[in-house]
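Colleague: Sequence:
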Amino acid sequence: MSKRQREFSLRDIRNSADALKYASAERWGEKKFVLEAIEEHCASFQYASEELQGDPNFVLDSIKADFQPFIYASADLREDREFFIKAVKVCGLVLQYASEEFRNDREIVWEAVKHDGEAIRFASEELRNDRELAIEAINGGGFFCVSEELRSDREIVLIALHSDRDQDGHALEHASGELRGDRSIVWEAVKQDGLSLEYASEELRDDRSIVWE
Numbered sequence: 001m002s003k004r005q006r007e008f009s010l011r012d013i014r015n016s017a018d019a020l021k022y023a024s025a026e027r028w029g030e031k032k033f034v035l036e037a038i039e040e041h042c043a044s045f046q047y048a049s050e051e052l053q054g055d056p057n058f059v060l061d062s063i064k065a066d067f068q069p070f071i072y073a074s075a076d077l078r079e080d081r082e083f084f085i086k087a088v089k090v091c092g093l094v095l096q097y098a099s100e101e102f103r104n105d106r107e108i109v110w111e112a113v114k115h116d117g118e119a120i121r122f123a124s125e126e127l128r129n130d131r132e133l134a135i136e137a138i139n140g141g142g143f144f145c146v147s148e149e150l151r152s153d154r155e156i157v158l159i160a161l162h163s164d165r166d167q168d169g170h171a172l173e174h175a176s177g178e179l180r181g182d183r184s185i186v187w188e189a190v191k192q193d194g195l196s197l198e199y200a201s202e203e204l205r206d207d208r209s210i211v212w213e
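Each residue of the sequence shown is one higher than the one before, counting from 1 in UniProt numbering.
Honestly, the hints are just simulated from the structure, not real lab data.
Take the hints with a grain of salt, since some may be wrong.
[What the hints assert, rightly or not] DEER-style ranges, computed between Cβ atoms: (1) ALA43 <-> SER99: 16 to 26 Å; (2) GLU178 <-> TYR22: 53 to 63 Å; (3) PHE83 <-> ASP206: 21 to 31 Å.
Beta carbons: idealized from backbone N, C-alpha and C, even for Gly.
With the sequences and hints as input, model every part of the structure.
Modeller: Here it is, written out as structure tokens:
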């Protein structure tokens with residue numbers, strides 16, 4: 001091991017992501033060191049030992065703060081359905097690294113969306129149109145990620161307008177053009193937050209009865 005490798009520290013990582021490649025193989029097998037390195041740069045996980053990249057518990061620890069390290073997990077883990085379910089429970093956004101099969105797996109998508117409503121954007125087209133999943137996504141602040149078809153659905157939009165995460169009325173911004181021109185929808189949005197009027201159709205923005213609501 002060279003002197004440079006022996007002296008390699010997390011300070012080097014903080015100074016430059018390129019410094020990562022100078023760490024010794026021994027260091028990249030140390031769990032504590034790798035986790036701390038990942039906290040500095042998510043891409044650090046690519047330099048970890050194969051053992052750590054294939055360690056289920058370590059991979060789950062690595063994605064607690066950010067989804068990006070998951071791309072460097074071993075292929076065996078990423079293709080393991082039971083492990084993938086555990087992973088999306090820790091970080092729903094790892095769904096973006098899922099296979100087509102997993103993106104169309106309702107249980108996996110459901111767990112991902114429960115953790116992070118925005119994860120629904122990575123589901124299959126069929127599941128992005130699933131009303132129950134969409135409502136779960138809305139509850140997690142992911143209305144803007146549901147399918148265009150559902151953002152044109154009055155019931156779904158009203159749920160978004162009244163959800164805990166979207167009670168400021170800005171869900172109107174992501175509703176379809178048709179619904180942004182629907183007086184009753186706009187009125188509900190304005191009740192939540194008058195500033196949401198800016199997302200209404202031009203005609204309704206000039207509607208005095210709404211403006212003065």
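Colleague: Evaluate the given range 53 to 63 Å for the C-beta pair formed by GLU178 and TYR22.
Modeller: holds (57 Å)
Colleague: Regarding PHE83 and ASP206, is the given constraint of 21 to 31 Å on their beta-carbon distance met?
Modeller: Violated - the Cβ-Cβ distance for PHE83 and ASP206, about 55 Å, lies outside 21 to 31 Å.
Colleague: For the pair ALA43 and SER99, does the Cβ-Cβ distance stay inside 16 to 26 Å?
Modeller: Hint holds: Cβ distance 22 Å, inside 16 to 26 Å.
In this structure, the one hint that does not hold is number 3.
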